[in-house]
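Just so you know, the protein sequences line up as chains H and F, in that order.
All residue numbers for the first sequence refer to this note's numbering, where the first residue is 1 and numbers rise by one.
All residue numbers for the second sequence refer to this note's numbering, where the first residue is 1 and numbers rise by one.
No lab work stands behind these hints, which were simulated from the structure alone.
For glycine and all other residues, C-beta sits at the position ideal for the given N, C-alpha and C.
Don't take each hint at face value.
What the hints assert, rightly or not - Examples of chain H residues lying across from chain F (beta carbon under 10 Å, computed):
(1) ALA22
(2) GLU23
(3) VAL27
(4) GLY115
(5) GLU117
(6) ARG135
(7) ALA137
(8) LEU313
(9) MET314
(10) ALA381
(11) ARG382
(12) ARG383
(13) ALA384
Stated by the list, open to error - Taking CB as the label site, the calculated pair distances span:
(14) GLU112(H) - ASP86(F): 55 to 63 Å
(15) LEU289(F) - ASP285(H): 42 to 50 Å
(16) ASP202(F) - GLY240(H): 53 to 61 Å
(17) MET1(F) - ASP285(H): 33 to 41 Å
(18) THR361(H) - ASP86(F): 34 to 42 Å
(19) THR361(H) - LEU3(F): 28 to 36 Å
Said to hold, decoys possible - A few chain H residues that don't get close to chain F, going by computed Cβ distances all over 12 Å:
(20) GLN15
(21) GLY231
(22) GLU308
(23) HIS338
(24) GLY385
Next come the chains, spelled out residue by residue.
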Amino acid sequence: MVYLDHAATTPMLAQAVEAMTAELGQVGNASSLHSSGRRARRIVEESRETIAAALGTRPSEVVFTSGGTEADNLAIKGLYWSRHRADSRRRRVLISAIEHHAVLDPAAWLGESAGAEVTLLDVDQHGRLDPETLRAAIGDDPGGIALISVMWANNEVGTVQPIPELAEIAAGYGIPLHTDAVQAVGKLPISLSGGVDALTVSGHKLGGPLGVGALLLARGVADPVPVLHGGGQERDVRSGTLDTPAIAGFAAAVRFAVEHREATAARLTALRDDLVARVRQAVPDVILNGHPGDRLPGNAHFSFPGCEGDALLMLLDAKGVECSTGSACSAGVAQPSHVLLAMGADAVRARGSLRFSLGHTSTAADVDELVRVIPGVVERARRAGVG
Amino acid sequence: MTLRVLAAMSGGVDSAVAAARIAEAGHDVTGVHLALSKNPQSYRTGARGCCTVEDSRDARRAADVIGIPFYIWDMAERFHHDVVEDFVSEYAAGRTPNPCLRCNEKIKFEAVLDRALALGFDAVATGHYARVTADGTLSRAVDPVKDQSYVLGVLTREQLGRAMFPLGDTPKAAVREEAARRGLFVADKPDSHDVCFIADGDTRGFLRERLGPAAGPIVDSTGEVIGSHDGAYAYTVGQRKGLGVGRTPDGRPRYVLSIEPVSNTVTVGSREMLEVTEITAERPIWSGLRVPPATPITCGVQLRAHGEAYGCRVVLDGGRIRIALDRSASGVAAGQAAVFYDGDVVLGSATISAAT
């Protein structure tokens, strides 16, 4: 099996498996006062310290969640509510047009049910948000803006956003900026600094377990109104018994991924560049989507003219090559990617695209196998045409 | 020989067992659910056998149990154009279409089959109750109650050559038992029925929404106007209830005899006048014969889904077909298919255009 879908999820790192399994057999609620509770709490707090150190923040700024989607919801809804509550003029939410649905949909929901005015910030043909676009959108009414959210790197086409510049603009106006860094942590130098006020991390995208993540919340930013109410864990921002084994595995993965980031990124970039060059050779009219240089190390995203992405995916799957047509879609019916449409692609090109994403277990043999099967697959898919 | 087979999986019990049987026979099977609406909630909701998100999940779960790859193919545009719009325009033209038959003809065994063949598949399998015989002709299923050869009667020999109907030799009850035995949780799911794209089952309301009100007369067979309607499409040949003609001149009930779209007239008459023995049909397809019959043939004919078979004599008259029934049939509607049988074997089909 050739697994080229690491952006969907990547195998757990051995260090994460070890840290997590060591905890699975233990008893202890991290909120309990007795010694079993204290033991669990120690694991949780050490994990918090590990993650904070790896991501350039303080332990008190780490809020554990059930994953990236929950962290994004907490940031978008929670910060909107708290900022709007503090000043009712703050109704505007500025987000990039290429956000993941975990940001897009909470923002749209706020628009439908909480009176928010959501502005989707345009991107260029590479999927990049120009800082001037943000500045223009803020315009002469920074006081009316509740929050800004721009992802660190796009999950589909891999384009890296100019977060430091964007954060500087937002900070200049005192507007909180959230960034979904789910795809970026462990691949790019990431830290909660320079005007970034909230940052989403997910465990399973970087070699940790599924079902755990965190929202990093810079001190000085008003706490978000909780999405989950209950026992008051995570300083009342996110209730729910902490998942000690998952948090231990998550922390081990973050530590390893960040420590080895440069070597991993260099290796994946070389492998990805080889993949892109050889797929281009095999299928000369293929279009590489996303920024040509400033993209996630393991990301290669192509449009195959005359093909349907669904057909390509099915044929590759039958040959043992696993990839994606974009972000995994649970509803089933393929919609043209909003990311590609925002980049100016037409619906046919958007539907004829595939994402190959490399990760820590990827090898040159994986690329060889893809390059071996892709010409036949593309030829077949072309025969079936576009719907 | 191992074939690459695309199993169309609706999310119902029949197509799940069909896929399981082909996989078990050693073929290389891929399950595909056909998404027929852009907005899955706009068609039927609930476990009715097709078209909903629940159904696509049921189909996926069944594919997982069987252990085959599963994908969803978006056929919404083709379905809307070839089945839904065709359904509406047929009613507007005074005919009574059969959308399941059209779906088999245009979607499952044309759009899906063509795409499957282009992608390297050898055949398309469905959960229909029908058989394809060794010489490539279509035949009735062994379960006479479930037999669906009528709605497949429009397929050509080429289409049948690429079709697999693994359930044709099995009674429905045994298929349900087999589903339970195989761990396919869809075993208890109710059968689908009615028109899958009319969510509430209200065909008249569906047509009125699309065609708008169009008042016209209801005329007795004598030519006398005895009532009015607000859309001739709401009537089908043989209909008795809901005519609203009140007390008729002779005090006897009236039945719809014909619908004339140009003058927007619904003609009604006595029950006896519904009885026909001469039928004209068009666009014949002779899947069960090597060449179209040069001389009149004697065979059986079925005039509606789950209807009875009549003996008949079929005469080709240019591109048309004239069917002389051995005994009278009632409520024969233009737009329905006449499917010809030699015993259980389907010889071919044609679309009914008139009956007297």
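Quick rundown of the hints versus the structure:
no., hint, in the structure
1, ALA22, "violated, 32 Å"
2, GLU23, "violated, 30 Å"
3, VAL27, "violated, 34 Å"
4, GLY115, "violated, 27 Å"
5, GLU117, "violated, 26 Å"
6, ARG135, "violated, 38 Å"
7, ALA137, "violated, 31 Å"
8, LEU313, "holds, 8 Å"
9, MET314, "holds, 5 Å"
10, ALA381, "holds, 7 Å"
11, ARG382, "holds, 9 Å"
12, ARG383, "holds, 4 Å"
13, ALA384, "holds, 4 Å"
14, GLU112(H) - ASP86(F): 55 to 63 Å, "violated, 37 Å"
15, LEU289(F) - ASP285(H): 42 to 50 Å, "holds, 47 Å"
16, ASP202(F) - GLY240(H): 53 to 61 Å, "violated, 46 Å"
17, MET1(F) - ASP285(H): 33 to 41 Å, "holds, 36 Å"
18, THR361(H) - ASP86(F): 34 to 42 Å, "violated, 51 Å"
19, THR361(H) - LEU3(F): 28 to 36 Å, "holds, 35 Å"
20, GLN15, "holds, 32 Å"
21, GLY231, "holds, 33 Å"
22, GLU308, "violated, 9 Å"
23, HIS338, "holds, 16 Å"
24, GLY385, "violated, 7 Å"
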